[in-house]
Amino acid sequence: MSALEVTFVTADRTVWTGKASQVVVPAIDGSMGILPQMQPTLAILGDGIVKITDEDGHADERSVSGGFVSVDSDVVTIGVDDAEAVAPRSERF
Amino acid sequence: MGAQQRVYKQRIRSAQGMKKIFKAKEMVAASRIAKAHARVEATTPYAEALTRAIGSVATHSQEISHPFLDSERRETGRVGILMITADRGMTGPYSHNVIRAAEQLANTLRDAGKEPVMYVVGRKGESYYRFRNRPPHRAWTPYKENELPALGREIASVLTEDLLSEDPAVHLDELYVVGTKFESRFIQHTKSIRMVPMGLVEAEAAAERPAFPLYEFVPDADAVIEELLPRYIQSRIINILLQAMASEHASTQRAMKTATDNAQTQIDKFTRLANSARQAEITQEITEIVGGADALSGSGRTER
Chain A
1 MSALEVTFVT ADRTVWTGKA SQVVVPAIDG SMGILPQMQP TLAILGDGIV
51 KITDEDGHAD ERSVSGGFVS VDSDVVTIGV DDAEAVAPRS ERF
Chain B
1001 MGAQQRVYKQ RIRSAQGMKK IFKAKEMVAA SRIAKAHARV EATTPYAEAL
1051 TRAIGSVATH SQEISHPFLD SERRETGRVG ILMITADRGM TGPYSHNVIR
1101 AAEQLANTLR DAGKEPVMYV VGRKGESYYR FRNRPPHRAW TPYKENELPA
1151 LGREIASVLT EDLLSEDPAV HLDELYVVGT KFESRFIQHT KSIRMVPMGL
1201 VEAEAAAERP AFPLYEFVPD ADAVIEELLP RYIQSRIINI LLQAMASEHA
1251 STQRAMKTAT DNAQTQIDKF TRLANSARQA EITQEITEIV GGADALSGSG
1301 RTER
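Residue numbers (this note's numbering), protein chains in the order written: chain A, 1 to 93; chain B, 1001 to 1304.
Just so you know, these hints were derived from the structure itself, not from any lab.
Just so you know, even glycine gets a beta-carbon here, dropped at the ideal spot from N, CA and C.
Among these hints, one or two may not hold up.
To be clear about the criterion: a stretch of chain A counts as covered by chain B if any three or more of its residues have a C-beta under 8 Å from a C-beta of chain B, and this derived list gives those stretches [said to hold, decoys possible]:
| id | segment |
| --- | --- |
| 1 | 7 to 13 |
| 2 | 19 to 26 |
| 3 | 29 to 39 |
| 4 | 68 to 80 |
Over the 10 Å line for every Cβ pair with chain A, so calculated as not near, a few chain B residues [claimed, not checked]:
| id | residue |
| --- | --- |
| 5 | R1032 |
| 6 | T1076 |
| 7 | E1285 |
My request is simple: use the sequences and hints to build the entire structure.
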């Protein structure tokens, strides 16, 4: 199965880049899950938690408020104002 | 030691003291350039992501409309100028260049029958206008270097609000930004950029670039562009602020380098003068001794 190429950026830095198997973002009209092979989408984000699950199954959670996400042939770009770490259980950070 | 020599020694000491200060400032600025430049670079991914997203909305839907894209924004004739200057002195011509560019722009706008409204960042620009008795419409000063992104967000939100305002006393038709572009640590350019109205440039060489895919917009294309454009302005303003900061450091470094060199020239000059003063004093003393001896021997006295 192909993986998602995720770039998670805020206005002044890059928060997370790499391959992921699943991304969940808080779209303005409800939570939106992104899996590989999804159709190209450009969505506005509301307040909530961005959850990125990488290929090993580790999940990273960041709380965001407002932003956008674009999905285009398995390239996922998430741009937000500010992302704050929520889960200390993540091993990556 | 003669009075002349003492004066020169004093001058040399004071020049040496200043040289040390300039040298220290130069090195501080030099070390900050790299850091500031890294901050500029860090904003690039976000800006690129945003530009791509806007590009794909623009190519996808033919008739996107947004107040920022309307090229005929003429309601009040008020035009915002955001000017980014330094908080500190000792930055060489950095702030003056920006102020001059902003003044030129304001004059051009006045000639075109528009009313420039100043938004100023930095103490140097603010005091320039306050001293001339026309205080800027809004000034952000002093600012902290590590809080620039937050400052950029605040500025962007104020400007966006004024641009979209219905109140004729507040509404802005256009927005220009005057700042300094950081090309490298040796080259910086003062630039005036028109931010609003934006021109969507249709990619002419579309064949070379991958065509934008057909996107699904959530919730819809108009809502998406409405969200993205203010974000774009915000990201541009933050980027320009950071570039200005890097340029300020580069300019400081250059100014302080010149100051250090000048102090050294001064030291050299006064050292020479002190040397010749010392030599003159010695010569004079010898002349006096010889003259005295001659006078004594000429008087015919044999014993001392």
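Results for each hint:
no.	hint	in the structure
1	7 to 13	holds (count 6)
2	19 to 26	violated (count 0)
3	29 to 39	holds (count 3)
4	68 to 80	holds (count 6)
5	R1032	holds (17 Å)
6	T1076	holds (29 Å)
7	E1285	holds (70 Å)
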